[in-house]
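Asks: Sequence order for the protein chains is G and H.
Numbered by this note's numbering, the letters in the first sequence go through residues 111 to 224 in order.
Numbered by this note's numbering, the letters in the second sequence go through residues 8 to 122 in order.
Calculated from the structure, these hints are not laboratory results.
Quick caveat: nothing in here was measured; it's all calculated off a predicted structure.
Treat the hints loosely; a few may be bogus.
Claimed, not checked - In silico lysine to aspartate or glutamate, EDC-like type, Cα no more than 16 Å apart, as pairs: (1) G/188 to G/171; (2) G/211 to H/58; (3) H/51 to G/210; (4) G/165 to H/105; (5) G/211 to H/60; (6) G/211 to H/64; (7) H/59 to G/210; (8) G/211 to H/66.
To be verified - Derived coverage of chain G by chain H (criterion: at least 3 residues anywhere in the stretch with Cβ under 8 Å from a Cβ of chain H; other residues may be distant): (9) 152-163; (10) 207-215.
Yeah, the Cβ is synthetic: ideal placement off N, Cα and C, and Gly gets one too.
Letter by letter, the chains look like this.
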Amino acid sequence: AQTVTQSQPEMSVQEAETVTLSCTYDTSENNYYLFWYKQPPSRQMILVIRQEAYKQQNATENRFSVNFQKAAKSFSLKISDSQLGDTAMYFCAFKIARDDKIIFGKGTRLHILP
Amino acid sequence: DAMVIQNPRYQVTQFGKPVTLSCSQTLNHNVMYWYQQKSSQAPKLLFHYYDKDFNNEADTPDNFQSRRPNTSFCFLDIRSPGLGDAAMYLCATSSGSEGWGYEQYFGPGTRLTVT
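From just these sequences and the hints, can you work out the full model?
Replies: Here is the structure:
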């Protein structure tokens, strides 16, 4: 069975700082996808970044980047130059290619402080 | 803009009174999902459709049912809501193919209150 673990229930950082959110997962599959989703307070969930397991290069989307360590089954999210609008719940998620479902971690609540 | 729409955004129902939540999508995605999300928790998958094929999660209570009459619409029926069913209900869609990166697109949710 696949599991996703986010070990940081809550974090706070000052605006403009860099913050890293941790995620580990467990699977015996080789073909899978990893995601970070953002859910701002009272707003809908959106995809932040996606990583295909077969790609060695870490995904980057503007201020968001991941550190994907396949052997260690680790998938952390780095937010650079954090902004007040980054305040949200962040969910790490995992999907086997052959399955329609994704598995969410429990989430990390991130507060960006002015 | 292509999107996932959920109606209503807020729903209040009485204990035991059936309620239906609706979801529509303009993305023409094959897969539609219903999640239940309680405060500060991860979304919990209730069931999903791949086209007309219905997939129920093993731990989804029988009180929850779903219908997907066509590609665009999906409904969540709660036959006899209990206080424990008060939650945010999220609808999501996915193309189901690698070309779209398997991303799920979420609606804004319906917040259900049971009185």
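Asks: Okay, which hints does this one fail, numbers in order?
Replies: Checked against the structure, no hint fails, so every one of them is satisfied.
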